[in-house]
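Input sequences plus hints: build the corresponding full structure.
Taken in sequence, the protein lines are chains A and B.
Take the first sequence: its letter number 54 is residue 428 in the working numbering, and every next letter is one higher.
Take the second sequence: its letter number 148 is residue 522 in the working numbering, and every next letter is one higher.
The hints are simulated quantities; they were obtained by calculation from the structure and are not laboratory data.
Predicted, not measured: the structure shown is a model, and the values here were computed from it.
Check before you lean on any hint, since a few could be wrong.
Since copy identity is lost for identical chains, a pair holds within one copy or between any two.
Cut-off 30 Å, straight-line C-alpha distance, at most; resulting in silico cross-link-like pairs (DSBU-like, lysine-lysine) [claimed, not checked]:
#  : residue 1 : residue 2
1  : K401      : K418
2  : K478      : K420
3  : K418      : K430
4  : K420      : K401
5  : K411      : K478
6  : K430      : K401
7  : K478      : K430
8  : K430      : K411
9  : K430      : K420
10 : K478      : K418
2 protein chains.
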Amino acid sequence: MGDTEETTTDQPTRDAIMEATFTALTKHGYAGLTMQKIADEFDKSKSLLHYHYDTKDELLVALLDYMLGQLDERLALDEESDPLERLTTLVDMLLFGPDREAHKAFQTTLLELRAQAPYNEAFREQLTTNDAAIHDLFVDIVADGVEQGTFREVDPDAVATLVFSALQGARVRWVTLDEDDAPDELRDALFTYLVDELEPEDDA
Amino acid sequence: MGDTEETTTDQPTRDAIMEATFTALTKHGYAGLTMQKIADEFDKSKSLLHYHYDTKDELLVALLDYMLGQLDERLALDEESDPLERLTTLVDMLLFGPDREAHKAFQTTLLELRAQAPYNEAFREQLTTNDAAIHDLFVDIVADGVEQGTFREVDPDAVATLVFSALQGARVRWVTLDEDDAPDELRDALFTYLVDELEPEDDA
Numbered sequence: 375m376g377d378t379e380e381t382t383t384d385q386p387t388r389d390a391i392m393e394a395t396f397t398a399l400t401k402h403g404y405a406g407l408t409m410q411k412i413a414d415e416f417d418k419s420k421s422l423l424h425y426h427y428d429t430k431d432e433l434l435v436a437l438l439d440y441m442l443g444q445l446d447e448r449l450a451l452d453e454e455s456d457p458l459e460r461l462t463t464l465v466d467m468l469l470f471g472p473d474r475e476a477h478k479a480f481q482t483t484l485l486e487l488r489a490q491a492p493y494n495e496a497f498r499e500q501l502t503t504n505d506a507a508i509h510d511l512f513v514d515i516v517a518d519g520v521e522q523g524t525f526r527e528v529d530p531d532a533v534a535t536l537v538f539s540a541l542q543g544a545r546v547r548w549v550t551l552d553e554d555d556a557p558d559e560l561r562d563a564l565f566t567y568l569v570d571e572l573e574p575e576d577d578a
Numbered sequence: 375m376g377d378t379e380e381t382t383t384d385q386p387t388r389d390a391i392m393e394a395t396f397t398a399l400t401k402h403g404y405a406g407l408t409m410q411k412i413a414d415e416f417d418k419s420k421s422l423l424h425y426h427y428d429t430k431d432e433l434l435v436a437l438l439d440y441m442l443g444q445l446d447e448r449l450a451l452d453e454e455s456d457p458l459e460r461l462t463t464l465v466d467m468l469l470f471g472p473d474r475e476a477h478k479a480f481q482t483t484l485l486e487l488r489a490q491a492p493y494n495e496a497f498r499e500q501l502t503t504n505d506a507a508i509h510d511l512f513v514d515i516v517a518d519g520v521e522q523g524t525f526r527e528v529d530p531d532a533v534a535t536l537v538f539s540a541l542q543g544a545r546v547r548w549v550t551l552d553e554d555d556a557p558d559e560l561r562d563a564l565f566t567y568l569v570d571e572l573e574p575e576d577d578a
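Given below as structure tokens:
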């Protein structure tokens, strides 16, 4: 479409589109979201928005991909640093984000997208990609920890499954129940009864 | 309303109403659900349905309450039995239900109701009640286990939070991702890296 120069989205434009999508989504929720409402949050030329995306679902899949990239950037996990430190950073980023209130708003709308996933293949595929990518971050950290002797001989894949599932559950409890301390309580329990138990001393 | 004898719902009628609501919900999803579609699944007099419930949301809150009661009945946890056995029974019931496919269908629609909870106070309150009741089942089991020496001296509340959050997360992954083994993988990891670690031997 359009014989313009924007055959690929440049980064500032992509950032602006994703920010507008995020703002409109948290403001109106999935059911109330329309392309027009996203355009309303977009300062640049509306044609730029429509040039790259046809539907709100396309924009939301792009947003899920974008959020995964942002997580990677924000983590900037130094692979040389202590595995326990990296694990803590990842847990805290997933539970609290860079800003607690914004993170809660995002998790609330993310749950709406998750709830659509059984009926929406594009959402399901992107969520599966994101889930696998985050799972792999945990696997790498735990495997490094085992190799370096920070953790005892555990199965990194199983530990990753347990930790990530617990975080997911706590986030769902946080945004759906009157339980504002859900992520804090889960974090405490997770370190006391799971992460601390990974220390090699427990093998003695 | 109605000068009839049904001032309270008798149990067979309540069962039939809840089954019709459940069937209609799993068939049409929350967004597609209407009172008429619930009535379509109800074999008895439609007036009976409308006599007791005005809106689909009222029926859904009643359904959440009813499912909690069913969980209690199905568990029929013998308080004299081994805490580890009771814990296993509860974990398996929450992960797999009495029938795996029906449980997946229910968890799928339950997620839709959860996603409404931030905007729907009645859903949020009932989900908070259900969550607290199940949390308390875990707390009681772990506390009994500590008292009887089946488990080491752990904080039952924290362990309950961790176990239940992990189950919740696995159920969400199960119904939203292309991950049909999610509950089985979580169950294995949970017993290996959390429940088995509760044994008092680990204190030695």
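Hints and how they fare:
no., hint, verdict
1, K401 - K418, "within (19 Å within a copy, 42 Å between copies)"
2, K478 - K420, "within (29 Å within a copy, 41 Å between copies)"
3, K418 - K430, "within (18 Å within a copy, 42 Å between copies)"
4, K420 - K401, "within (19 Å within a copy, 39 Å between copies)"
5, K411 - K478, "within (21 Å within a copy, 34 Å between copies)"
6, K430 - K401, "both (14 Å within a copy, 25 Å between copies)"
7, K478 - K430, "both (22 Å within a copy, 28 Å between copies)"
8, K430 - K411, "both (10 Å within a copy, 29 Å between copies)"
9, K430 - K420, "within (14 Å within a copy, 39 Å between copies)"
10, K478 - K418, "within (28 Å within a copy, 44 Å between copies)"
Of the numbered hints listed earlier, not one is contradicted by the structure.
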